[in-house]
Structures are given as C-alpha cells and as structure tokens.
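Novice: Listed here are the chains, written in short residue letters.
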Amino acid sequence: MSVTTSADLLERADQLARELAASSQEVNQDQWEQFDNTVYRTLYELIAADRADPAYTEEGTNRLLQALRGYPAPLQFPPERTFSVEYAAQVMDLTTEQIRKDIWNGRLRAVKDGDRHVLPAQSVSRIQRGIPPADPTDPHPLSRVSVALGAFADLVGDHHRTRAGVQLSEQTRADTVRRVLALTAVAAQYTVKHTGIEAIERPVLLAKYASTYINALDPSPRRIHALDNLVASIPDGKASTVNQELDAAMHDWRAVAQREVRRLVPSTEALAAVANQGVRIYSVTHHLLQRPGYDERPSPADRQRCSAALREGGVALRDAQLALRGLTSLTVPAHDFVTSSRALFATLQQVRQLADARDPELDTEAAIASLARACTIESELLSEARPSPSSLLHSGLLFAPARRLPTNLERLEPRAKGRFIPVQLNDVPELGWRWELAARKAPEVEATVGHLVVGRDQVELPHGIEFGL
Amino acid sequence: MSDHTSTEALLEEAAGQLHAAAEFAEALGGADVFSEWHGLASQISLTAAGVSHDPAAPTQYPSTVSARLRTAIDTLNGITPLLGPPDLALWIWHIRELLHLVRDMELR
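Line by line, the protein sequences are chains P and H. Its first residue numbered 95, the first sequence is counted upward by one per residue in the numbering used here. Its first residue numbered 119, the second sequence is counted upward by one per residue in the numbering used here.
One should not assume that every hint holds.
Quick partial rundown of chain P residues pointing at chain H, CB under 7 angstroms, derived from the structure [what the hints assert, rightly or not]:
1. Arg112
2. Glu113
3. Leu277
4. Glu363
5. Gly420
6. Val426
7. Val432
8. Arg436
9. Ala440
10. Leu487
11. Leu491
Listed next, the in silico SDA-like pairs over lysine to any residue satisfying Cα-Cα at most 25 angstroms (straight line) [claimed, not checked]:
12. P:Lys287 / H:His218
13. P:Lys287 / H:Asn195
14. P:Lys195 / P:Arg210
15. P:Lys206 / P:Val185
16. P:Lys511 / P:Val522
17. P:Lys287 / H:Asp222
18. P:Lys287 / H:Glu130
19. P:Lys287 / P:Leu448
20. P:Lys287 / H:Ala185
21. P:Lys511 / H:Glu130
22. P:Lys511 / H:Ser124
Hints were generated in silico from the structure; no laboratory data involved. Built from N, CA and C at the ideal position, the CB exists for glycine as well.
Let's have the full structure, built from the sequences with the hints guiding it.
Specialist: As structure tokens, this is what we get:
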C-alpha cells in the first residue's frame, strides 16, 4: 500500500512549479482557468472550509481570512457555501443596495438564513459554466501543477469534512498558504509571458495578489502589516506601446518603492535599489537627450546643463548606493518590489535600445517627458529614504558580518564565529552624508530635466501617466 | 548535518553565487556611472537579499554573469521544496527572470 500525504502533494506542486518556470510552453485559456480555480479552491480549503460562516463573511482581523477575501473576484466558489450580501457586493463589484435590489427583483437567487438573505455560490460566481478540474493526463506543466494542487485541496477538504486527524495551527496554515501563493505567483507570471496579450489581465491580477499577500503573511515581526495591505492597487488598463509600458512600470514601481522606504525597518538592499534605479533613470534620460536627431527644441546650452546635472546626480546616487554595500538591516525586500524594480529596469533597457535603433515605435519626446516624471518620483523617494540609513545605524539595526569590519577586542569572538554585529558610526562615517547628498541632488536633477518638458499636461490613467493633447 | 542546516547552507551558498554574479556585473560596468551593468548588479543584489543575508564565499567562479546565476538556480533547486522557505519557488523565478535579462545584455 502506498501512502500519499498532503505534504507529498504540496511538495509535488512546488517541484512542478519550478519545472514550469524552466519551460517555455504556451498557456491556453482553459489551462489558466483551471489553475486559477484550483488555487482559489486550495486557499478556501486551507483557510475557510472548516470555519463558521460568519467568520468568513464578516469583516475581521484574521490575516488569512483577509488574504482569502483579497482574492480577485474568484471565478467560482465552492458549491456548498453561501455568502452574505456584503461579501457578494465586494466580489461582484456592486453596492449592497444593488445586490438587495437584484434579490428583490429576482435577478439574483438568494435564500433566507434566519432574518437575513444569503446567496448561494452559483449566484456569486463570475463564470456560470462549470470549470472542469485539470486533466491528469495533460502533460502541460501548468496543468500538472493544477492537478497536484487540486489533489492537495481535495485531501485537505476531505480532512475537514470527515473531521479526522489533527487541526492545523494558524502558523502551519499561514506557512502553507505562503507556499501556495508563491507557486501561484510563479505560475501567473509565467502565464503572463506565455499567453496572448488579450488573456493576460487575469494572470496579472493573480500575480499581484499573490505577491502582495506573500509579504502580508510574512511572520517577520519587523513588518508593518497595515502598510503592506494598503498598496494592493491593481491597474485595470493595459499598456499597448512601449511609452505606455514605461509609464505603467514607473507607476507600479513608485507604489511599491514608497512602501519599501516607509517600512519600520527598511531593507538596505531595497534602499540601495531605489538609489540605483535613479541612476538608471538619469542614464536613459541622458542617453535620449544626447541621441542625434532628437527634437532640437531644447537649446544646446539647456541640453548641456541637463547632461551635467544628470551625470552629477548619477554620481551622488551611486555613492549613496555604494555606501550601503555589505551592510544589512536583515529585512527581506518584498517580492512585489523585486518584481517591479526588475520590470522598470527592463523597460528602461528597452527604451534605450529602441532609441538607439531609431525605432518609430518609441515616441522619444513622450519618453523624455515620462522620464522627467520619473526624476520627480526618484526625488520624492530619496527625500523619504534620506534619514533611513542613519536611523538604522543609530538604532543599532544596521549589521555587517564581523569579518568585514575593523577588528577590536569585542569583535574577536563574533568574528571567529562568523556572526553579524551592529555597525558603528566610525565603521561607516560617510553613510549619512552620502544619502543626504543624494537627496539634495535629486531635486536639482528633477528641476533641470523638468525644465525641458514644461508645458505638457500630464493625465493620470489606469496604466500610469499620459500626456494630454 | 540536519535538514535545516543543510537548507541554510544551500541558501547561503546560492546567495554567495548571486553576489559573485553581481560583482562580476559591477566589474563589467567599470567606472562608467551610467553603465547598464551596474543597474543589473543592483537587481541581482536585491534578489540575493531575499535568498539569504549571510552569503557564503563561492567555491567556483564561472566566467559569465549568466553562468553564475545558473549556478545559483541549480543550488536552490537542490533544496527539497518543503524544507526551504515558503516562497523559495518565487525567489528561483526572480533569478530566472534576471537570467533572461542578462542573456540579452551578454548577446549585445
């Protein structure tokens, strides 16, 4: 007799997600919907299936329930469940008054539960046709993940319904939910890259949702959960040109970077990445301005002034970045920040390449205006981040391996044992000043570049900033 | 060596390989403050911070940034899924995405 535990199935799903990441097969709509539906079912079984209904439908502070409620409009709900009017309004993007009116008019099926109406799952589900489970014989890597995850959800569900075995602790649930969310983020980001542009909206939503809640469920005591939950803003527009991609990438990055620098104990690597992203922004701006054939409206003197400011600013920001090298606050950067940083870096690379190739797909003037906006964002971020390195230092929250710091008597033992120790002011005497200087230079760059694009009206659209006519 | 110690050691080893990749990218950027390689190095260091804060010195130094990233992926893939951090699969994904970026840069 062979025995398969839920741990075996989760391990299998995790392993298959890694294999999926290494593959390059296209994903079709059915495969994606099966995966999407399986993820929700898995989270539901892990988080809510064995809880009393009111805990699921009412507002609460339980982080796992918040994560489940945050799932972007599930395609289908477990058939045996009923939902409150308030919850139905949330997932159907309607007001509670509209829901009650639809129930009154017979457009929505509801049943009486005591003195209130509740809605059966079918009334709330976005997709009324059945979504079959993934085919176990389908060799597609995403289907294989769905099958393993579905089997895991079935086993957890059977456990709840038979009331056999042990109850999962909240910590075990949170840990398991984070694993499921991690492989969801991988599968969703994979699908974004390997499916048609018309079908990416839902995977984009799921990728953002999963990344956000992996961080929100992080047990690290230094994390401010309330702030993490604030930024799960999801743009509903899609970028269709490289200029729009640039605006969208900046828009996303700004939101998560702001949250990173505002963390109670920010990640030093995240702070360094914010400074470095500024250097990239300045670099591409400089490159576009110097490109032969660029609109001659800015005078040569203006362009020269701008070029010098960008280079000086770049040096200041790079010095600030390098001042943090080898130091750590032992805080892990959030996944969505890592993703957004990489996405903006990649988009800036693309803009630069298209400019070099004089590709007509790139509107150079609009790109420079967008980069001017990026300079403003960078300036704001550095202004907020400026005190952080010094605060970390003075609070004893900035660490380095003892072997990398000058030796004294107190440091001999931690050095021998390979430990981290708090960094002292005399170890990094220029740290605070470097960040001060970067934060002073950034507004100068912002003003100089902004001078070149003055007069264009900026309009905020769902995918980011665009310019009016 | 316990499973926990072994997992920690592999995470530290992978972080060390990522730092080695970042250092190589820094070296390619040289003294040019606007070099794209410095930007890439920053992205790699950011990702390394998610893998481990205590990078171990690598035992091998492949001759390209992409080869160093691949070594890190192979090391992390050596961790049994449920023994690693819950979000390990996503960190591996981040490194794979960096690998795509590096390949484009190395081809130019």
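Novice: None of the hints should be skipped; say for each whether it holds.
Specialist: Verification of the supplied hints:
| no. | hint | verdict |
| --- | --- | --- |
| 1 | Arg112 | holds (6 angstroms) |
| 2 | Glu113 | violated (10 angstroms) |
| 3 | Leu277 | holds (5 angstroms) |
| 4 | Glu363 | holds (4 angstroms) |
| 5 | Gly420 | violated (10 angstroms) |
| 6 | Val426 | holds (5 angstroms) |
| 7 | Val432 | holds (6 angstroms) |
| 8 | Arg436 | holds (5 angstroms) |
| 9 | Ala440 | holds (6 angstroms) |
| 10 | Leu487 | violated (17 angstroms) |
| 11 | Leu491 | violated (13 angstroms) |
| 12 | P:Lys287 / H:His218 | holds (12 angstroms) |
| 13 | P:Lys287 / H:Asn195 | holds (22 angstroms) |
| 14 | P:Lys195 / P:Arg210 | holds (14 angstroms) |
| 15 | P:Lys206 / P:Val185 | holds (20 angstroms) |
| 16 | P:Lys511 / P:Val522 | holds (23 angstroms) |
| 17 | P:Lys287 / H:Asp222 | holds (16 angstroms) |
| 18 | P:Lys287 / H:Glu130 | violated (30 angstroms) |
| 19 | P:Lys287 / P:Leu448 | holds (20 angstroms) |
| 20 | P:Lys287 / H:Ala185 | holds (23 angstroms) |
| 21 | P:Lys511 / H:Glu130 | holds (16 angstroms) |
| 22 | P:Lys511 / H:Ser124 | holds (18 angstroms) |
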